[in-house]
Every structure is written in C-alpha cells, then in structure tokens.
Amino acid sequence: MFRNVLMATTALFLANAAYAQDTTVREVAVTADITAISNAEAASFWSNTASDLQNAIVARLVDRTAEDGVRISVDIDELSLANSFQNQLGLEDAVMVGMVNVSSETDNTKFDTYELTVTALTAQAFAVDGTVLEGAFTDTPEYYAALIAAFADGVVTRLK
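Residue numbers for the sequence shown, in mature numbering (1 follows the signal peptide of the UniProt record, and there is no 0): -20 to -1, 1 to 140.
Hints were generated in silico from the structure; no laboratory data involved. A few of these clues could be false.
The following label-pair restraints were derived from C-beta to C-beta distances [unchecked claim]:
#, residue 1, residue 2, range
1, Glu47, Leu101, 33 to 41 Å
2, Asp87, Ser27, 34 to 42 Å
3, Asn88, Asn28, 29 to 37 Å
4, Ile14, Pro121, 14 to 22 Å
5, Asp43, Thr15, 33 to 41 Å
6, Asn35, Phe91, 19 to 27 Å
7, Thr45, Asp92, 14 to 22 Å
8, Thr15, Asp48, 18 to 26 Å
9, Leu101, Ser27, 22 to 30 Å
10, Glu58, Asn88, 26 to 34 Å
11, Leu101, Ala46, 33 to 41 Å
12, Asn88, Arg44, 18 to 26 Å
13, Phe91, Thr15, 23 to 31 Å
14, Glu47, Thr15, 29 to 37 Å
This structure is a prediction, so every number in the text was calculated from the model and none was measured. All C-beta atoms, glycine included, are put in the ideal place defined by N, C-alpha and C.
Please work from the sequences and hints to get the whole structure.
Below is the structure:
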C-alpha cells in the first residue's frame, strides 16, 4: 500500500514538473529620472543606468521570450554610490532601489509589484580578471556593474 502511494505521489510530482514552465517575457522597460540620483558619484553613471539595467535583465531572459509573455517595468527610485570611507562610517551606502511591476495581457496570474533594494553588501564586485574586489571603493565602475547585475538577478529570480 505504502509503495503504491509513494509511486503515485512520485508520478504526480513528475507530471507537474513536466508541465511547469518558466514565465516568458514580451517586453522589459526601465526608467530612471534625475531625482533618483542621491549623490555626485552616482551622477556620473546616471545617464546609462536605465539602459544598463534593461540590457542586464534582457540578457538573463534571452531564452524566455514570447509574444504572449509578461511585461516587466522597472522604475529606479534611488541610485547612490558611496565611497568606502563613507560606507565604513555609515554616512552613505552604495544602493539601488526600484519598483518592479510585472503584468500580462493574457494571463491573470502573472501580476506582481514589489520594491527591490540592492546594496553593496549584497552585490559582490569583481575585477576584470574575475577576482573578487575586496576593500575597493564602492563608487567604482565595478561596484556600479555589481549593483546592476544583482538588481537584474533579483528581477529575474522573482518571476513566477
């Protein structure tokens, strides 16, 4: 009896796994206005923030596109790149905050809205050769790239 129940349960899980599909995406739109910039260090990256984040998200979804997929829109609310001295003193932090909205015209179960926050502590910066940057200034291009990558990972991971 137990063996039959176990086999039936296993078959049910395998059947569900066969029907489970990743959410497909139709469009990704990212906006960031100048009011999102919190400090001078971030201002040097501001003009590319929206396109950099959009490209990072799309790169992670290249195998999950479809005409009837969801639309992902991101509105960057804050971008701050503190240097390590400010970070250690707790004066400022390297952070990216944005509102993410997922919507679908064809599937009423594919709706989600949330605020996503990524900090220098959660985003690991890497040098060009792939080594981890330790003790580096958090207002460097590497930390900016790490914030973008971590934010894009957060968006893609939360797709249902």
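We went through each hint and held it up to the structure:
no., hint, in the structure
1, Glu47 to Leu101: 33 to 41 Å, "39 Å, holds"
2, Asp87 to Ser27: 34 to 42 Å, "35 Å, holds"
3, Asn88 to Asn28: 29 to 37 Å, "35 Å, holds"
4, Ile14 to Pro121: 14 to 22 Å, "20 Å, holds"
5, Asp43 to Thr15: 33 to 41 Å, "35 Å, holds"
6, Asn35 to Phe91: 19 to 27 Å, "25 Å, holds"
7, Thr45 to Asp92: 14 to 22 Å, "18 Å, holds"
8, Thr15 to Asp48: 18 to 26 Å, "35 Å, violated"
9, Leu101 to Ser27: 22 to 30 Å, "26 Å, holds"
10, Glu58 to Asn88: 26 to 34 Å, "31 Å, holds"
11, Leu101 to Ala46: 33 to 41 Å, "35 Å, holds"
12, Asn88 to Arg44: 18 to 26 Å, "20 Å, holds"
13, Phe91 to Thr15: 23 to 31 Å, "27 Å, holds"
14, Glu47 to Thr15: 29 to 37 Å, "34 Å, holds"
When held up to the earlier numbered hints, the structure conflicts with hint 8 and nothing else.
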